[in-house]
Amino acid sequence: MRALLLTALWVHLGSSVLLVGTFFMPLLAGTSPAPTVRRWDATLLTWSRRLLLVVLGSGLVWLLARTSVFENRSAAALDPRAVWRAVLDTWPGFVWLARHGILLVLGAFLALAADTGQRRDWIAARAQALALATMALALLSASSHAAAIAPGTARAVAVDVVHVVATGLWLGALAPLALLLHAASGDEGADARPHAIRAARRFSRAALLAMLLLIASGVLNAAAQVETVGALVGTSHGRLLIAKLTLLAPILLIAAVNRTRVLPAVSTPRAMRRLAVFVGVEAGLGLTLLGLAAAMTLTTPARHAEAVWPFPFRISPELLDVPAARWRALIGSQLAVVGAVVLLASLLGRRRRGTLLAGALALIATGAGVGLMPLVVDAYPTTYRRPPVTYHASSIAAGMAVFQQQCAACHGAGATAPRVDLRARLTTARHAGELFWLVSHGVADRGMPGFETRLTETQRWNLINYIRALAAADGATTIGRQAELDRAWLAAPDFTVAVGPLAPGALRDYRGRRMVLLVVYTLPRSRGRMIELARTYNLLSTIGVEVIAVPTDSAPDAIRELGASPPVLFPVVTDGAADIVTTYGMLASGPHAEVLIDRQGYVRAIWRESGGGMPDAGAVQREVEQLNAEKSPPPFPDDHVH
Amino acid sequence: MPVWKVAVALNLSFAVGLGLGYAGWGRRAEALDRDFEAARTQVERLERQQQACAAGARAGEQRWEGRGIVRAVYPQLLMITHEEIRGLLPARTTSFRPGATLLRESLRIGDPIRFALQGTGADDATLVAVAPW
Numbered sequence: 001m002r003a004l005l006l007t008a009l010w011v012h013l014g015s016s017v018l019l020v021g022t023f024f025m026p027l028l029a030g031t032s033p034a035p036t037v038r039r040w041d042a043t044l045l046t047w048s049r050r051l052l053l054v055v056l057g058s059g060l061v062w063l064l065a066r067t068s069v070f071e072n073r074s075a076a077a078l079d080p081r082a083v084w085r086a087v088l089d090t091w092p093g094f095v096w097l098a099r100h101g102i103l104l105v106l107g108a109f110l111a112l113a114a115d116t117g118q119r120r121d122w123i124a125a126r127a128q129a130l131a132l133a134t135m136a137l138a139l140l141s142a143s144s145h146a147a148a149i150a151p152g153t154a155r156a157v158a159v160d161v162v163h164v165v166a167t168g169l170w171l172g173a174l175a176p177l178a179l180l181l182h183a184a185s186g187d188e189g190a191d192a193r194p195h196a197i198r199a200a201r202r203f204s205r206a207a208l209l210a211m212l213l214l215i216a217s218g219v220l221n222a223a224a225q226v227e228t229v230g231a232l233v234g235t236s237h238g239r240l241l242i243a244k245l246t247l248l249a250p251i252l253l254i255a256a257v258n259r260t261r262v263l264p265a266v267s268t269p270r271a272m273r274r275l276a277v278f279v280g281v282e283a284g285l286g287l288t289l290l291g292l293a294a295a296m297t298l299t300t301p302a303r304h305a306e307a308v309w310p311f312p313f314r315i316s317p318e319l320l321d322v323p324a325a326r327w328r329a330l331i332g333s334q335l336a337v338v339g340a341v342v343l344l345a346s347l348l349g350r351r352r353r354g355t356l357l358a359g360a361l362a363l364i365a366t367g368a369g370v371g372l373m374p375l376v377v378d379a380y381p382t383t384y385r386r387p388p389v390t391y392h393a394s395s396i397a398a399g400m401a402v403f404q405q406q407c408a409a410c411h412g413a414g415a416t417a418p419r420v421d422l423r424a425r426l427t428t429a430r431h432a433g434e435l436f437w438l439v440s441h442g443v444a445d446r447g448m449p450g451f452e453t454r455l456t457e458t459q460r461w462n463l464i465n466y467i468r469a470l471a472a473a474d475g476a477t478t479i480g481r482q483a484e485l486d487r488a489w490l491a492a493p494d495f496t497v498a499v500g501p502l503a504p505g506a507l508r509d510y511r512g513r514r515m516v517l518l519v520v521y522t523l524p525r526s527r528g529r530m531i532e533l534a535r536t537y538n539l540l541s542t543i544g545v546e547v548i549a550v551p552t553d554s555a556p557d558a559i560r561e562l563g564a565s566p567p568v569l570f571p572v573v574t575d576g577a578a579d580i581v582t583t584y585g586m587l588a589s590g591p592h593a594e595v596l597i598d599r600q601g602y603v604r605a606i607w608r609e610s611g612g613g614m615p616d617a618g619a620v621q622r623e624v625e626q627l628n629a630e631k632s633p634p635p636f637p638d639d640h641v642h
Numbered sequence: 001m002p003v004w005k006v007a008v009a010l011n012l013s014f015a016v017g018l019g020l021g022y023a024g025w026g027r028r029a030e031a032l033d034r035d036f037e038a039a040r041t042q043v044e045r046l047e048r049q050q051q052a053c054a055a056g057a058r059a060g061e062q063r064w065e066g067r068g069i070v071r072a073v074y075p076q077l078l079m080i081t082h083e084e085i086r087g088l089l090p091a092r093t094t095s096f097r098p099g100a101t102l103l104r105e106s107l108r109i110g111d112p113i114r115f116a117l118q119g120t121g122a123d124d125a126t127l128v129a130v131a132p133w
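If you're matching them up, the sequences are chains H and E in order.
Using the numbering used here, you'd call the opening residue of the first sequence number 1 and step up by one each time.
Using the numbering used here, you'd call the opening residue of the second sequence number 1 and step up by one each time.
Read the hints as simulated data drawn from the structure, not as lab findings.
Glycine residues also receive a C-beta, built at the ideal position from the N, C-alpha and C atoms.
Each hint can be trusted.
If the Cβ cut is set under 7 Å, some of the chain H residues that face chain E in the computed set are:
(1) Ala114
(2) Asp121
(3) Ala124
(4) Ala125
(5) Gln128
(6) Asp557
(7) Arg560
(8) Pro567
(9) Leu569
Computed footprint of chain E on chain H, listed as stretches where at least three residues anywhere in the stretch have a Cβ under 8 Å from a Cβ of chain E:
(10) 100-113
(11) 500-514
For reference, chain H alone in the conformation it holds in the complex (with noise of 0.2 Å):
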C-alpha cells in the first residue's frame, strides 16, 4: 500500500507542477499571431484540462491509499466511513478537501470553452487558471511535514510554499518550453521562433530568480526539518535529501550550460532544437527529483528520526579546545583560504590556469588534511542517537549506582583513575551517543568489555547522564557565592518536586517564571537556617524566588518536623529526595547547601558550608537582582545530555 501511497503522490505531485507549467509558460512568453505560436496555446490548453484529470484522479487514489495507512488496513481504502473520516476527522483530510475543490473550480473555468481572441481574455483565462492552480499547489505545504513544526508554524508553511510554488513555476514550466522549442526548430514552425527566442530569454531570467527562492527555502526547510549533519547522513529523510541534492547538481549544471552556451546561440534551428532537447531532460530529471520529493514526504522527518551514522569517523570542533588541535586547525584553514583564492584566480584568470587549478586543489586539499585531521574522532552508529532518558536527578542517581556497582572497580570510585579518567576532556567532547556505543560494545584494546547484556538500555542511558553529571561537577567547583553575570553554562538537572500525595511538580515547571533557591538540608544541625528562611519566604517569593527544601534523611513527615512556629509554606520535598539530594550533593556536598537556579534552568550560585556559610535574604536578593539585569538570558537548556 505504501508503494501505491508513493506512486500517486508522484504522479499528483509531478501532474501539479506541470499544471502550473502549463497556465505560467504562456503568459511569460506573452501572445502572438504565428499560427505555430496559437497551436502551441492550444495544445497546452488540451494537456492542461488532461492534467487536471490526472491531478484529480490521482489526488483520489492518494486519498484512498493515505487512508488505508491511516486505518492499518488495506479495506479501509475502499470503506466510505473510513475514507470520510479520513477527509473530515484529519486536518490532512481537510486540506485534500480545500484543494482538490479549488481543482474542480478550475475545471469547471477549463471546461468554459470561452472565446479568448481579445488579449485582454486570453491573459485572464490564463492568469485565473495559473492563480488557482498554484493556490491548490501551495496548498500542499499545509498539510506537509512544515505543518508539524512548532513553535514557528506560520513561518515553516509560508518557507515550504515559496518552495513548493517556485517548483511549479521552474519545472512545470519545462515541458511547455521545450514543446514550444521544439516546435519552432521544424521547418513548419519558422514563423514562431522569435516568439520562441524571446520566451526562452524570458524563461531563463524567470528560472534564475525560481531557482535562487528553491535553494533559499530548500536551505531553511532543511535547517528545519533535518537539523544536523547525524540527521543528514543518518536516516531515510536525510538520505532522500542528499540523493536529492545530488540530482539536483546535473540540472544545475544542464541550466548553466543552457543559459550561457547554448540560449545565447539559439537564433538557428539546430540550436533551438538542442535546446529543446536540454530543457526535455532538464524536466525530465526535475520530475525525477519529485520523486524523491514524494518520497521525503512519505518519510519521518529527520530531526524525529534515530541517526545511524554510516561512518566510523566525525570531526569533532569540541577538540578545538585543544592548543595543538586549535594550532592545526588554524593553519590548515589558512591553507584552504589561500587554495579557495587561487582556484577562483584559476576560474577567472586566461593563462595557466591549470596549473593554477592543480596548485589550488593541492592547496585545499594539504589544509583540509592538516586542520581537520586533529579533529577526526572514531564514530559509531548510535553517534547522534538521542538519548530517551532526560537528564534528570533520578537518572543520574541510578547511574552513580550502576557506575559503583560495575564500573567504580576499573575507573575508580570518583571516575578520575589514570588512564580511564571520565572527566577528561576527551571523554567530556564525546558524543553521548558515541558513550552509550562505548558501554555497550566495550573497548577491547583497553580491556573494556561490553555491558549491553548485562545492563538494560535504560541503565546504560542513566550511567551516560551519571557521568555527564560527574564533568559538570568538576566544572562547578568554580561557581561560588556570587552569580557571574551572563555566564550560564551549567544545566541544573530537573527533578521531581513530590510533597505528599500532591499531584508532583518538577524543576522545569518553574522556567521562565520563577528562579529556585535550593535548600539541602539536615536536621536539626540545619533548624536555624531554615527557621530565617520559613520568615524570609515572603519575601524571596515577592522578588520571584520559590524555595524548594530537600531533607537530606528523606524522611516522609519532613514537613512535620520543621515544626509549626514559624510555619513553613514552602515545598518540601518528601518523596524522591534521595535522588535530589545524591544529584546536588555532587555539586555541593554537605549537610546544608543552597543552590540558586535561575529562570532559564542553569546553576548560577552555589552557597557550601565549607565556602562561608550561608547568604541572608539580601544576599539572595542581590543575586536576583543582578540575574534579573542580565541583557540577553540564555536559551532553555536541553533536557537531554549531548
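Guided by the hints, dock chain E onto chain H, whose structure is given.
Relative to the frame of chain H, chain E by itself:
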C-alpha cells in the same frame, strides 16, 4: 460574457465567500464556545449550591471540595497547600477560616487531607469539613 469578467467575478466570489464564511463560521464558533463555557460554569455553580443547600447553607452559598496538606494550624486559621479547587482557586498555599463546628484538634502539620469549603466566594470560603486523604 468576456472571460476577463468571468475571472473577476470568480475571484470576487472566492474572496467574498471566504470572507463571509470565515467571519460567519468563526463568529458562530466563538459564540458557541462562549455559550458552552457559560453553561458549564452555571452547571458547576448550581451543583455546588445544591451541595451547600444539603449542608444547610444560606442563599447564594456554594460548596467546593479540595485536597491538600496542612502547613500551619492557628485557632482562627488553617494554612493548606492544596491542589486546584475547581471553580475557586488554583493550586497554591492558602489560609482558610475554620467553621465553628470543625474539629481542628486532630489536625497536625504535614497531614494530607480532603476538605470542603462553603461560602459565596474565595474571600468568604469557610472550611466546613476535613477528612484524612
